[in-house]
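Sequences listed follow chains A and B, in order. Mapping of the first sequence onto the numbering used here: residues 1 to 100, in sequence order. Mapping of the second sequence onto the numbering used here: residues 101 to 570, in sequence order.
One should not assume that every hint holds.
[What the hints assert, rightly or not] Covered stretches of chain B (in silico footprint by chain A; criterion: 3 or more residues with CB under 8 Å from a CB of chain A, positions within the stretch not fixed): (1) 498 to 506; (2) 510 to 522; (3) 525 to 533.
[What the hints assert, rightly or not] Listed below are the simulated DSS-like cross-link pairs for lysine-lysine, each with C-alpha atoms no more than 27 Å apart in a straight line: (4) A:K85 to B:K560; (5) B:K546 to A:K85; (6) A:K50 to B:K546; (7) B:K471 to B:K526; (8) A:K57 to B:K468; (9) B:K550 to A:K50; (10) A:K57 to B:K526; (11) A:K57 to B:K471; (12) B:K526 to A:K93; (13) B:K468 to A:K95; (14) A:K95 to B:K526.
[Claimed, not checked] Partial chain A-side listing against chain B, Cβ under 10 Å, derived: (15) N34; (16) A40; (17) M41; (18) A42; (19) Q44; (20) R51; (21) V55; (22) K72.
Treat the hints as calculated values from the structure; they're not laboratory data. For each residue, glycine too, the CB sits at the ideal point set by N, CA and C.
Take a look at the letters that make up each chain.
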Amino acid sequence: MNAEDLVKIPRVLGAGIATEDGFIVESQFKIGHNAERSAAMAAQIVHSIKRSLHVEKASAILYTPKSVFFIKESENGIFFVICQKDANLGLVKLKIDKIH
Amino acid sequence: MSDELTMDSGALIFATLADVYLSSGMIDEAISILKDGLSRNPTYTLAKIILGRAYYMKGAIQESIKVLEEVYSEVKDSENTNLYLGHCYKKVGDKNKAADFYKNTLQINPDNKEAQQELQTLQIEIGTPPTPVQPVQETAPAVARDEEIEPVAAVPVAEIPVTQESVNVPAVAEEEEPGQTGEPLQPEEPAGTGSDRNGAAEESQVPVEAQFSQTAEGAEEITEERDTEGVDKPLSEVPVADQQQEYGQVVEPETIEEKGPPDKGETDEPAVAVLEPVEEPAPGAELSTEPVSATVQETEGTPRVQAIPPEDGHGALQAEPVPSPAETVKVDSETTTENEIVDRPTTSEVVIPFETLNEPMNKLLAMKNVKGAFVCSPDGLMIQNYYHDYPDIEELCAMVAAIHNDAAEAFRFLDEGDVEKFIIEKGDETVCAITAGESLLTVITKAEAKPGLVFIYARKVIEEIREILG
Chain A
1 MNAEDLVKIP RVLGAGIATE DGFIVESQFK IGHNAERSAA MAAQIVHSIK RSLHVEKASA
61 ILYTPKSVFF IKESENGIFF VICQKDANLG LVKLKIDKIH
Chain B
101 MSDELTMDSG ALIFATLADV YLSSGMIDEA ISILKDGLSR NPTYTLAKII LGRAYYMKGA
161 IQESIKVLEE VYSEVKDSEN TNLYLGHCYK KVGDKNKAAD FYKNTLQINP DNKEAQQELQ
221 TLQIEIGTPP TPVQPVQETA PAVARDEEIE PVAAVPVAEI PVTQESVNVP AVAEEEEPGQ
281 TGEPLQPEEP AGTGSDRNGA AEESQVPVEA QFSQTAEGAE EITEERDTEG VDKPLSEVPV
341 ADQQQEYGQV VEPETIEEKG PPDKGETDEP AVAVLEPVEE PAPGAELSTE PVSATVQETE
401 GTPRVQAIPP EDGHGALQAE PVPSPAETVK VDSETTTENE IVDRPTTSEV VIPFETLNEP
461 MNKLLAMKNV KGAFVCSPDG LMIQNYYHDY PDIEELCAMV AAIHNDAAEA FRFLDEGDVE
521 KFIIEKGDET VCAITAGESL LTVITKAEAK PGLVFIYARK VIEEIREILG
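If we strip away everything but chain B, and leave its shape as in the complex, we get (with noise of 0.2 Å):
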């Protein structure tokens, strides 16, 4: 995995992005960027299934459909691309292909909840007798399958970042026995902005919750499987310290925020980064299903960019990776099945390159009558800032963006092509704006600045941003 970032990092890049952008439901955003960026990197798997989400997002099923479809040879193991095949089906009618992907879903994840109920409707629908959901039948190790598994379906595959609605399900899942079936989850209808998000959450709430519910039962079988192969522990014999080695976390044991089980009021927290306790319970102590799964819950995604206001208080998007929840899921899944390591990334695996834009940008910043810079996305969206001595720089960059629009459009209309760069005169201060592939690279500058030098430096800028921006 670390090989194909360093290969295509670009591609990374516009595939978090979009990512990004759909966990905040910014669905038509994440399908343009992903369009741009396969157009690109036309062999990107990744991307692709994550566009085979958006468009399932979106409502646009046989878009999801045809993408999934596409790379489905590649990714035949990963059980969110079987999950998503199978609610685009069942929308679509086709009960009995849905029927198949959801038996692939629980073929690769017994335990998959969401699948079994939507199996169970389906098979009821057509006629068929119900299959009995076969318990976990571990056959490998969990080194051999990570091993099997391609790399291109161990990123971000279907783990949307955490939404509102998730949180919610726990608390109506833990009244229920585990293993007991219960009412069938219906997926949430794509269309609408509300059940986008729904749609979204869909896959983090019940697998999950199905694997914690099975934890509960049959943690000791796991554990005792796993002790004859020498190949794992189980997280209650594991020290806290020995987990994050293990797993690469990088949070200090003295950073993980104790919490109790989380109650119905929590539900509005933001989710971002919090690490649930990694506790060490007394030995033969059964595993608490309920704060898990809501960590998980919380937790899961994939590797996410968070908004972090600068210093000054000015909204700055920070592109950070968090490092804690992936690992916070990963350990947890260790402990239950295997098979949800699959689509899990790790710290190591997933690294935002928005920190390379840094060292050109410092550059440009340390000329003589430069005031700041930003990247933005032609849309307006703030993508990095470098100026942040101004009191609103978001507004700033939607305005530069409607103007080279304006002017695009313009042009457009006189058959000259798009506005490659242009320099606005403003009073005390000059705007440089030149466009870095989908992003726009804006330069403010002192009046007497020389605009020649400024775009010299800025094109060196540019050559870097279009390898990281796509």
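Isolated chain A, as found in the complex (with noise of 0.2 Å):
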């Protein structure tokens, strides 16, 4: 599974891979989506939930007005994906779950 196959998903405005220390290693994003500062952003919210709640390997699902965000941190770095809400969150959580 890689960025490119999730933005295939209808309203998945864009996914990426980024380093834990937010820098982006891969993304595929539609136009007006800054994809390192999603980057930046998922790497933060991965820090905050392993220093919180000390697991190994964080995942999280995130719920704005505007958007939803899948955050997944895997062997090759932080996976993130971001949508709108009216998608398919399912299909996509589905997707993400396949990746280690």
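With the hints as a guide, dock the two chains, each given alone in a separate frame, to form the complex.
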């Protein structure tokens, strides 16, 4: 599973992989979305979760008024997906769950 | 008052919570809650009064004046509002205005020793001759007086729950002869943590002492007056059971703990719901001022949220109205001066509706795979716990709130708005957190739980929580 596959899902705005320190490794974003900022944000949240809940690999879904963020820490880095609220979140999650 | 509570229980709860925060010295948190609540209930006078008090305790005197002046026209009869305004104006150097408010305080309650002393000090500074304090002139029966007062002012206007500092005062005061002025009691500086508490305590110290000093002298006069009016009986003539019935006291007589006069070593006792002796004095005997004043100092205050660990010992905050203290104050006040009744809440007037959270939460907890839940504030403080199996729920509260705040900050950076909810998968359990107004509802489920289903139920719970917590 890579970012390109995920962006094919309707209303998925973008996906990418970031390093632990928030630098972007790979991304596929639709126009108007800042991949680098999203990567930094994903890294910050992962850091916060790991620090607070003492988990080995953080995985989270965050809802905002505009969109939904999926964040999952994997062996390759921090995988993150941004989609609209009316996207098929279950399908996105299934795809993300396949990442290890 | 009860109508007001029914109409706007959310408003009540934020004001009450803020008052609890104030009593715990968490002034900034109280101000934050009050400001937020007032943005939703801008006409809620009580909250403004508490906000004014919070600002005063913080040392933000100008803000305190602004807030209190805003509502002053509605609560002119509030002794404590006048007193606080007097303190505020004194601190900003407007001695004339301060003197006016102290005079107003004394018009409402001529026995307010603190106002008397402040006024005397100010009059000396201003250069006007000190006005002798008028004795109590009761012109209206208690019932009529109660009816005159607006219900808003009757709630915890400036009743500041007990502080350690307040307990120390009677020991000094008891050396004075009743009615003797003694050294002027200066209000404490509101700045700084310790003095904040003192600032809160000052209000409960002197007026109460003053009223009991007055009682010792003038109890018989008041007794006779009331007897002729047929309105009330003095405390000494009313049996305990009758007193409790009359004032809606719910404590059984057997539960009343008899205690002797407090000695100075007792000042470290927690100031929670100690129902002091409601003794039946021998006919003609004078009321003892010592134990009663200590009782009032211990128990005086607004309805309070009491921290009670649940049965399993985890530190959940169970909000409970403390029934007896306010009643004790009221009973005592009746025997001294009716003015004091104005600002005292009764148990029947103030109900903390935290219990109403239980019903929707229990529905949520009944779901399969839901392990527990809790409600906390955005700053990580526990509001209500429904996850008693967790060993350190308060830590979890703080951690979830920290994640929420970090995420919110990140999303603000992305111009995505605030976080509405989030799901964190954590090994064998999932943490689902949803914002509920200013609070955060967190549900802990097993890993195999369906988060969509959890959120459907949680959304229903949230609506009810929003109404309660604002």
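Given the hint that A:K57 pairs with B:K526, does the C-alpha gap stay at or below 27 Å?
OK: A:K57 and B:K526 at ~8 Å, within 27 Å.
Is it true that the CA of B:K546 sits at most 27 Å from the CA of A:K85?
holds (25 Å)
Holds or violated: B:K468 with A:K95, Cα cutoff 27 Å?
Holds - the C-alpha atoms of A:K95 and B:K468 are around 26 Å apart, at most 27 Å.
Min Cβ distance, A:K72 to chain B: is it shorter than 10 Å?
holds (9 Å)
Take the shortest C-beta to C-beta distance between A:A42 and chain B; is it under 10 Å?
With a minimum Cβ separation of about 8 Å from chain B (threshold 10 Å), the hint on A:A42 holds.
When the nearest CB of chain B is found for A:Q44, is that gap smaller than 10 Å?
holds (5 Å)
Count the residues of the region 525 to 533 of chain B whose CB lies closer than 8 Å to any CB of chain A, then report whether that count reaches three.
Contact hint for the region 525 to 533 of chain B vs chain A: holds, 4 residues under 8 Å.
Would the hint on A:R51 be counted as holding, given a Cβ-Cβ threshold of 10 Å to chain B?
holds (8 Å)
With a cut-off of 27 Å on the C-alpha distance, tell me whether A:K85 and B:K560 pass.
holds (19 Å)
Would the hint linking B:K471 and B:K526 be met if the CA-CA limit is 27 Å?
holds (13 Å)
Would you mind confirming whether the straight-line C-alpha gap from A:K57 to B:K468 stays at or under 27 Å?
holds (26 Å)
Just to be careful: measuring from the Cβ of A:N34 to every Cβ in chain B, is the smallest value less than 10 Å?
This hint holds: A:N34 lies near chain B, its Cβ roughly 7 Å from the closest one there, short of 10 Å.
Figure legend: structure checked against the earlier numbered hints; every hint is met.
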